[in-house]
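Enquirer: Chain by chain, the residues:
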Amino acid sequence: MATHQNDQVSFNPQVQIMHLSIDDIILETDNNLFNWQKNTSIFDAHPFFELLKGFKDITKDQEIINFPCIHLEDASNSKICDVTFTLKKDETRVVIFDYTQKYKELNQIAQKKNESILLAKELELRNKYLLEKEEFKNSFITNLNHEVRTPLTSILGFIEVLEKTKLTFEQEELARIIKRESHYLNAIIDDMIDLSKIESGKLKIVDERFSFNKLIEGFNESYTQVAKEKQLVFETDVEPGIQEFLIGDRTRVYQILNNILTNAFKFTEEGNVKLSVSKNYQRTNKVSLNFKIEDTGIGILEENIPYVFERFTRFNRDQQVPGTGLGLAIAKNLVELLHGEIKVTSTPEKGTTFNIKLPFKFEVVKAAPKRKKKKYKLPERKNKFRILVVEDKEVTQYLIMKILISHGSFFVDVAFNSEEAIKCIERRQYDLILMDLTLSKVDGFQTTRMIRNNYGDKFISDIPIIGFSGKINDSLRDKCIRSGMDDFIAKPFEQEDLIYKITKEISKKEAAH
Amino acid sequence: MKLSKKVVLLGHFGVGKTSLFRRFMDNEFSEEYKVTLGVQIKKKVIQLPDDRELSMVVWDIEGHSDSVKDTRKSYLLGSHAFIYVYDLTREETYINLNKDIEYLTENYTKTPIKVLGNKLDLVNEKEIKNHLTEQNIPYNCLTSAKTNKNVQDFFSDLAKEITE
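Protein chains in written order, with my numbering: chain W, 164 to 676; chain D, -1 to 162.
Hints were generated in silico from the structure; no laboratory data involved. Don't take each hint at face value.
[Said to hold, decoys possible] Derived contacts from chain W toward chain D, CB cut-off under 7 Å, selection only:
# : residue
1 : Pro210
2 : Leu214
3 : Lys216
4 : Gln264
5 : Asn277
6 : Leu281
7 : Phe525
[To be verified] With a straight-line Cα cutoff of 20 Å, these simulated SDA-like cross-link-like pairs (lysine to any residue) come out:
#  : chain 1 : residue 1 : chain 2 : residue 2
8  : W       : Lys216    : D       : Ser2
9  : W       : Lys251    : W       : Ile188
10 : W       : Lys276    : D       : Gly12
11 : D       : Lys0      : W       : Pro210
12 : W       : Lys267    : W       : Ser239
13 : W       : Lys520    : W       : Lys538
14 : W       : Lys291    : D       : Ser65
15 : D       : Lys67     : W       : Ile228
16 : W       : Lys365    : W       : Lys284
17 : W       : Lys284    : D       : Glu30
18 : W       : Lys284    : D       : Arg88
19 : W       : Lys291    : D       : Val121
20 : W       : Lys547    : W       : Ser363
21 : W       : Lys455    : W       : Leu366
22 : W       : Lys216    : D       : Ile44
23 : W       : Lys291    : D       : His129
24 : D       : Lys41     : W       : Val246
25 : D       : Lys42     : W       : Phe206
26 : D       : Lys40     : W       : Phe206
27 : W       : Lys201    : W       : Asp187
28 : W       : Lys276    : D       : Lys0
29 : W       : Lys300    : W       : Arg474
30 : W       : Lys327    : W       : His309
31 : D       : Lys71     : W       : Thr247
32 : D       : Lys32     : W       : Ile304
33 : D       : Lys127    : D       : Cys139
34 : W       : Lys216    : D       : Lys71
35 : W       : Lys520    : W       : Glu402
Computed from a predicted structure; not experimentally measured. We treat Cβ as the ideally placed atom computed from N, Cα and C, and that holds for glycine.
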């Protein structure tokens, strides 16, 4: 009741009544709200009243005009009022209602409403800006990757060629360093691409059946060697009863464990590194495994632990220890992507332990093991096989020529662009085309479609085509196949891979005829 | 006799009408957004080139959320000019501009309308001009109440125009 009474009081306006002369002089005023002087012009009271100057021409006699929510003030106070003018022939009556409290309450509501609309818009714009920035970053990294991989392919390829020539001991050593550093640069690019893919949500998790034993054996083999070189001990300890074949993303699991093992070896100068695997739980066809990687390295200070998985984090400023500071960030992102958990504990000067829980599935019914990579042989022939390399960068042309010619089974022709490639295939019979996807003007996809669709002569339209590019993404191989190519190889390619793919396509074609 | 002209600031809420009003009247600016309820009125005396003085009474009225039709009609009574303000960073504040201008032209035939794009400090001037041209969005002047860019010149030009 009291509230109701209070409300009534607050909504009950105070009123000021004024009478104005025909020439807008204040004749009467009760000054209940504002202290305005009698016998002065109303225009001096407040600029609001200046609208009366224009009124008289546009309003009729006895007309009542209301102005709600007008901010008025005099020398000592300010109020929000409704003002009513009654215009007569010989005078004007002004009634001012003080609704300050009511309007202030309304003002708060309007303020909140408008603020929330503006804030939503601001957030939308900020979000849009961040997405654009993210997109720019990702496309920048993809393009940078392409630009760096092309010369890197050449460097790695030529080192392989160089290693097969007669070298002095010093030259061999220099070539080995160049190779090691180039592989390291390649690994950095891979890390950047992976992180960019994870952050943009473009990294696809692929569930496949894989041999868990072989995964661990692989680590055993490669890290025993690393341990030997650093005079450390590497141990693996796998709990019995873990399924031999698991279903999960083998590549990403490998990447996680490999990043953490690499890290452990980097920061351990004496003692050992141990990888243990145990079961957390197993239900129907699901199993959760715990991977524990312990080292006896330099350890991490307690205050640094929260930052271990941040990008570009390196607590050890020793430049002798290589690394970009991306490895653990990638590992953590991948673990989360696989719906797992990763934790780290460490004691400075004693060592660090990473615990990673990862979920897998397994087949309840035993399936046949995966088939091995099929072996192919080049068909018997008197003459060498003729390959057309379509590539606009001389250095890559030269590298491919070196690889193929040194193999001894191939003749190589080179076309700089699509037009030259078409001329070549019309003039000569080829056993295979190696097609760069990013040719200027007409790209590798279009050129392939032209070869497949424009010729009745099967010697031309059926030539096996392998696409290649430094740009790597999951859909690129599919795009190659859709355009009519037979396969795709990513740069930088290993000699062995390139020869394998060429041999495979040539022998498949020979078998088909 | 001193000339007196009523000028009304119109437009969506949050476009910076009060900021322009404060910048012109008191040369002040605040980053804080405060909603305007109803109308605030102030006047400023402007010296005209021919030595006359104009008392420009500016009505800063509460912003609408959809169309200028929502504005209380009594506020527009006896106006000598309308300044329609929009926010260069928020498309929804000028998406209905042409319709609003049409409405004002039809209902207030003798009142000139000036269109201001405000918050110029937050956009690239060249890019926004191209964008407005492409979208067929008119403007008489682009301003920044924050930096005071073009504000005083705009009101001076308006003063000349409405006293001619």
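Enquirer: If you draw a straight line from the CA of lysine 201 (chain W) to the CA of aspartate 187 (chain W), is it 20 Å or shorter?
Expert: 11 Å, holds
Enquirer: Verify the interface restraint on phenylalanine 525 (chain W): the C-beta must sit less than 7 Å from at least one C-beta of chain D.
Expert: Cβ of phenylalanine 525 (chain W) sits 54 Å from chain D, so the hint is violated.
Enquirer: Given the hinted pair lysine 284 (chain W) and glutamate 30 (chain D), is their Cα-Cα distance within 20 Å?
Expert: 16 Å, holds
Enquirer: For the hint on leucine 281 (chain W), does the least C-beta distance to chain D fall short of 7 Å?
Expert: The hint holds - leucine 281 (chain W) has a Cβ within 7 Å of chain D, the shortest such distance being about 5 Å.
Enquirer: Is lysine 365 (chain W) within 20 Å of lysine 284 (chain W), Cα to Cα?
Expert: 27 Å, violated
Enquirer: Take the shortest C-beta to C-beta distance between glutamine 264 (chain W) and chain D; is it under 7 Å?
Expert: 13 Å, violated
Enquirer: Under 7 Å is the threshold here; is the Cβ of proline 210 (chain W) close enough to any Cβ of chain D for the hint to stand?
Expert: 4 Å, holds
Enquirer: Straight-line Cα separation of lysine 67 (chain D) and isoleucine 228 (chain W) no greater than 20 Å?
Expert: 19 Å, holds
Enquirer: Given the hinted pair lysine 291 (chain W) and valine 121 (chain D), is their Cα-Cα distance within 20 Å?
Expert: Holds, at roughly 15 Å.
Enquirer: Please verify whether lysine 267 (chain W) and serine 239 (chain W) have alpha carbons no more than 20 Å apart.
Expert: Distance of about 19 Å is within 20 Å: holds.
Enquirer: Regarding the pair lysine 216 (chain W) and isoleucine 44 (chain D), is the alpha-carbon distance no greater than 20 Å?
Expert: 18 Å, holds
Enquirer: Take a quick look at whether lysine 291 (chain W) and histidine 129 (chain D) sit within 20 Å of each other, Cα to Cα.
Expert: 18 Å, holds
Checked against the numbered hints given earlier, the structure breaks hints 4, 7, 13, 14, 16, 20, 21, 28, 30, 32 and satisfies all the rest.
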